[in-house]
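As they're listed, the protein sequences go chains A and B. Under the numbering used here, the first sequence has 152 at position 152, and the numbering climbs by one with no breaks. Under the numbering used here, the second sequence has 357 at position 357, and the numbering climbs by one with no breaks.
Please keep in mind that the hints were generated in silico from the structure rather than gathered at the bench. Any given hint could be a false lead.
No copy labels: a pair is met if it fits in one copy or bridges any two.
Straight-line C-alpha distance at most 20 Å; calculated EDC-like pairs for lysine to aspartate or glutamate [as the list claims (entries may be wrong)]:
id, residue 1, residue 2
1, K435, E412
2, K419, D32
3, K164, D295
4, K348, D282
5, K376, E132
6, K348, D44
7, K332, D444
8, K164, E110
9, K107, E247
10, K419, E243
11, K419, D282
Protein chains: 2
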Amino acid sequence: MDFQRLTPELITAFEQIVGSEYILTPQLAEADAYASYGRDHTEDLHFAPEVVLRPANAEEISQIVRLCHEHRLPITARGAGTGLSGGALPIHNGVVLSTDRLNRILKIDERNLQAIVEPGVINQVLQDAVREVGLFYPPDPASKGSCFLGGNLSQSSGGPKAVKYGTTKDYVLNIQVVLPTGEIIWTGANTLKNATGYNLTQLMIGSEGTLGIITCIVFRLLPFPQQNILMLVPFRQEEQAAEAVSETFRAGIVPSGMEFMEREAIEWSARYLNIDISLPEDIRAHLLIELDGQDLDQLYKEAEQVYAVLEKYDVGDILLADTAAQKDELWKIRRNIGNAVRYNSVYKEEDTVVPRAELPTLLKGVKEIGGRYGFKSVCYGHAGDGNLHVNIIRGDLTDEQWNVGLQDPISELFRLCVKLGGTISGEHGIGLVQKRYIGIALPDVNLNLMRGIKQVFDPHGIMNPGKIF
Amino acid sequence: MDFQRLTPELITAFEQIVGSEYILTPQLAEADAYASYGRDHTEDLHFAPEVVLRPANAEEISQIVRLCHEHRLPITARGAGTGLSGGALPIHNGVVLSTDRLNRILKIDERNLQAIVEPGVINQVLQDAVREVGLFYPPDPASKGSCFLGGNLSQSSGGPKAVKYGTTKDYVLNIQVVLPTGEIIWTGANTLKNATGYNLTQLMIGSEGTLGIITCIVFRLLPFPQQNILMLVPFRQEEQAAEAVSETFRAGIVPSGMEFMEREAIEWSARYLNIDISLPEDIRAHLLIELDGQDLDQLYKEAEQVYAVLEKYDVGDILLADTAAQKDELWKIRRNIGNAVRYNSVYKEEDTVVPRAELPTLLKGVKEIGGRYGFKSVCYGHAGDGNLHVNIIRGDLTDEQWNVGLQDPISELFRLCVKLGGTISGEHGIGLVQKRYIGIALPDVNLNLMRGIKQVFDPHGIMNPGKIF
């Protein structure tokens, strides 16, 4: 694509649309604040936007996008910048459009168990708001305290509860979108079922901001599960932990969380949080298992079934969390593994996913590949979904080893995923950093269909260019 | 589109691909058998194919499609022909491709709770096969005893269990598709999560055979719920039955079935099945409510909560089905309403859907519109999903009234759905018969995006032309 550059006239036009308070340029903004719009949570990458706009609503976004469309200016929408694949990075510079001011919960519809929400609402804020009226929005990425729902849609985010409740995509009924041509549409209807034309709603989810900018979302909600049980199960062998996952489901139990953590994942996170834990020396991995529902007696029955499954394995003392505080602490440790790894070292996070029973094979493969190429990894993730986050630690790898040398082992890892029936991203998206590997997951025929769809939506290719494919 | 006609050379080429046993032409086939390929379950419509092909596998389908692509020959894929919107009708003649020989369950993967299935497998056959190993495939359209899973995907089919378990789309992980150019792809991966490029899997589901021919499906499965409770609740006012639906969910209960039936729906179906029921004179409608799970005590607790909700309404004696035979009979009555209506009269079935709490308003609107335009309707459907099947009975309407006069009231009905946040098809698709109304649900911008996508997949427009938009 041949993009144009920003002109003083365009800056004036943008300023008229959003107001002078809500336009940032390198010349006028405070340097650190400005630079933050060129980063997300992906490695240590940075790309400078030419201008940052913070519009208030869909109409302003439509006007901005029309100008970008007309003047062939790249535009990259941005949520909270917590993405892990570089999806929000403005790699062709141009406009960064922040959705932080579209941050209202417009309606919680208790009669229909729905919520109408702007994309800049933080995931946890919605969870809390609906819980106050006894309702439940399940998708809960690790960054739920800061990530925006718009970003959750764009990246098809998951989280621990996905194993029972599905991912973001399973809670979206309808989306208001500003198309790359500036038109504003709703993708569907506010109904649980819809067989009226192609599913543009699901096409938009996971399209990483390349097909349009999300400006309003209609979610479906569930009754809040009032009870839960949380247990931490230590294993003396990593692969046994992975095996126990599939066995649990075969026993007829669908946990609301089934998280795998290598010993180091849990240790690093506890240290990062200043939580004192001391693991017996022979423990190599843990499963964090949550059961939820409306009836505690019922959950204890299920917990007994889980214990029966675990008896087959070489496990240590199972910790059954018996207070809300203890549960919070365990989940906090789990959620902060990513932060702890980031704090310890520059790292690359691979979001591998396979059918869940293939997890032991995948885990073994990760370690074997790491051993052969000489890198260390810390693994954890949503074992119930077969979704393993492989954190490759930079440690003392040279620039050459880090930037180039890892491409072969990562390719091997992804080929293993695909061979096992899986793919290269379960919930983080492809964005920028996995783009070079997408050919491992998808042949040219698939990619050309995607490129064709992109062209239909975005004839000038202005929207988040250079991502996915 | 300018289509070409079939030539003797093409017939020979097709015969070489599928074998002479599996090609039917008007000249050679028995007339009735041939005519059946020009019909489905939609009203009394018929369009004659020029040739019917019954290939054995994806490779044969690919060869057939390549020929059609090259020679601009329309091709319409066909499952069991149970569709209710005319999706399988070859309105531009050409090739009808039957998937009835792709009828194998290739694998039931108990380790991963998945099944790999060909599109010509009957829904009930899959349900029974997975149940034998303790697993559960929930989507259950009324025609489950005869409809094909490929058709279920194409039309985004639902069924009574969708209220708790979702529709077909929620169980499909990956699809093998022969594209309109003849290429064979898989749309995704065999994983519960996938954030790897655009969601071609969900784009294919509900695309009504216009984007490709489904040749293999990977489903996810659940543990089979071992227990259930079924109750039939009679109401003295239709709208109260509709109101009780939303109240049940607000009480925190998610039934596995929540079906609405007008008095006449249940009466006609019982008569059609030769089942003796006698309803008290003042009963106007019923809700059929099913609860399911692994623990019967738990279900009785939930049933008590349902009773507490129902106490607010003017209901008759609640029938709690206490044997498997009684449950089967009640479900049989529900499932055969469509057949009974068809047996009584020519009819048009409108597959209206709204947010569930708007059901009373929709129902009132249906009757008001019917009263004003002078037609009778029998209403029933998946109340828990807000999905109401409105059967307009031909009765003694003239050809003019039936073919032209109903367009205005149906348009009014659909505009009401859209005004209530709903749309014009919940689970039957648009196909041929709802096509003229799609503009009520979707503006031109949406339709043009869909047409653009169609063009990307099918540049010559050969695949099921004339459907949806």
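Hints versus structure:
1. K435 / E412: within (15 Å within a copy, 48 Å between copies)
2. K419 / D32: neither (44 Å within a copy, 47 Å between copies)
3. K164 / D295: Answer is both: 17 Å inside a copy and 18 Å across each meet the 20 Å cutoff.
4. K348 / D282: Neither: 28 Å inside a copy, 69 Å across copies.
5. K376 / E132: Neither. Shortest intra-copy (44 Å) and inter-copy (44 Å) distances fail the 20 Å Cα cut-off.
6. K348 / D44: Within one copy, since 10 Å is at most 20 Å while 61 Å is not.
7. K332 / D444: Neither: 41 Å inside a copy, 48 Å across copies.
8. K164 / E110: between (23 Å within a copy, 17 Å between copies)
9. K107 / E247: Close across copies (19 Å), not inside one copy (41 Å); limit 20 Å.
10. K419 / E243: within (19 Å within a copy, 51 Å between copies)
11. K419 / D282: So K419 and D282 fail the 20 Å test inside a copy (32 Å) and across (63 Å) alike.
The structure shown violates the earlier hints numbered 2, 4, 5, 7 and 11.
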